[in-house]
Amino acid sequence: MSCMASITDGNWQSLVIESETPETPVLVEFWAPWFGPCRVIHPIIDELAKDYAGRLKCYKLNTDESPSTASRYGIRSIPTVIIFKNGEKKDAVIGAVP
Amino acid sequence: MTSQASTFAVSVSSVASPLRRRRNFHVVRAQVEPSDKSIEIMRKFSEQYARKSGTYFCSDKGVTAVVIKGLADHKDSLGAPLCPCRHYDDKAAEAAQGFWNCPCVPMRERKECHCMLFLTPDNDFAGNEQTITLDEIKESTENM
Numbered sequence: 001m002s003c004m005a006s007i008t009d010g011n012w013q014s015l016v017i018e019s020e021t022p023e024t025p026v027l028v029e030f031w032a033p034w035f036g037p038c039r040v041i042h043p044i045i046d047e048l049a050k051d052y053a054g055r056l057k058c059y060k061l062n063t064d065e066s067p068s069t070a071s072r073y074g075i076r077s078i079p080t081v082i083i084f085k086n087g088e089k090k091d092a093v094i095g096a097v098p
Numbered sequence: 001m002t003s004q005a006s007t008f009a010v011s012v013s014s015v016a017s018p019l020r021r022r023r024n025f026h027v028v029r030a031q032v033e034p035s036d037k038s039i040e041i042m043r044k045f046s047e048q049y050a051r052k053s054g055t056y057f058c059s060d061k062g063v064t065a066v067v068i069k070g071l072a073d074h075k076d077s078l079g080a081p082l083c084p085c086r087h088y089d090d091k092a093a094e095a096a097q098g099f100w101n102c103p104c105v106p107m108r109e110r111k112e113c114h115c116m117l118f119l120t121p122d123n124d125f126a127g128n129e130q131t132i133t134l135d136e137i138k139e140s141t142e143n144m
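Protein sequence lines, in the order shown, are assigned to chains Y and H. Each residue of the first sequence is one higher than the last, beginning at 1 in full-length UniProt numbering. Each residue of the second sequence is one higher than the last, beginning at 1 in full-length UniProt numbering.
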């Protein structure tokens with residue numbers, strides 16, 4: 001369904017906060033297993049990941065599997081997409097915006 | 001010698017198994033299927049509420065099916081159909097509070113359902129159906 005890499009509570013620190021390429025923005029989609037519209041969202045973000053290959057890193061985080069990261073960033077609505085740069089939150093898109 | 005070996009094996013497995021179970025817990029949980037009974041309850045509820053509120057299911061019924069299963073999953077685990085399209089710090093407390101139990105307050109007050117389960121006719125994603133069969137739900141969520 002999706003070619004985006006998964007990210008978890010466990011590797012969050014190394015992939016987002018202390019990314020080896022801190023100048024490359026990191027996009028994280030927070031999703032949940034029983035969230036229906038992910039069928040609509042995933043292909044769009046996959047497309048983005050392909051278009052911006054090398055310039056943007058894309059990950060998805062399952063909020064049921066990694067609740068503490070989701071809670072730390074105050075995730076409420078799913079999907080929430082957050083863009084990080086240098087380990088800092090830069091922008092967030094909340095909800096499925098067609 | 002034999003008895004020593006078997007004691008050793010038993011003690012290893014008793015240490016290893018809780019760890020293994022614990023590590024797999026989150027991975028397995030997302031894939032547990034909700035009960036047929038709860039799926040059927042939530043399927044009927046969704047059809048009735050769509051008719052009552054004048055809303056329609058998504059033109060991609062896969063979206064509808066996944067959300068109905070998510071509601072059924074919460075009904076099984078929490079006793080209430082808590083919205084599956086949100087993240088909660090404490091699911092049990094949210095289910096008891098009720099704001100996000102389906103139909104949630106934003107849906108009841110303003111017909112806002114960001115799960116895309118109940119769509120007003122002007123929504124680009126709205127289909128023209130207010131029914132979904134159990135087979136449709138099962139078929140479209142088979143490969144999840």
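Keep in mind the hints are simulated off the structure, nothing from the lab. Built from N, CA and C at the ideal position, the CB exists for glycine as well. Hints may contain errors.
[Unchecked claim] Covered stretches of chain Y (chain H as the covering partner; in silico rule of three or more C-beta atoms under 8 Å from a C-beta of chain H):
hint, stretch
1, 27–35
2, 52–58
[Claimed, not checked] No farther apart than 30 Å at their CA atoms in a straight line, the calculated lysine-lysine pairs in the DSS-like style are these:
hint, chain 1, residue 1, chain 2, residue 2
3, H, K44, H, K91
4, Y, K50, H, K61
5, Y, K50, Y, K90
6, H, K111, H, K44
7, H, K91, H, K52
8, H, K91, H, K138
9, H, K91, Y, K89
10, Y, K50, Y, K85
11, H, K52, Y, K90
How the hints compare with the structure:
no. : hint              : verdict
1   : 27–35             : holds (count 5)
2   : 52–58             : violated (count 0)
3   : H:K44 with H:K91  : 24 Å, holds
4   : Y:K50 with H:K61  : 27 Å, holds
5   : Y:K50 with Y:K90  : 21 Å, holds
6   : H:K111 with H:K44 : 19 Å, holds
7   : H:K91 with H:K52  : 28 Å, holds
8   : H:K91 with H:K138 : 26 Å, holds
9   : H:K91 with Y:K89  : 26 Å, holds
10  : Y:K50 with Y:K85  : 19 Å, holds
11  : H:K52 with Y:K90  : 42 Å, violated
Figure legend: structure checked against the earlier numbered hints; hints not met, in rising order: 2, 11.
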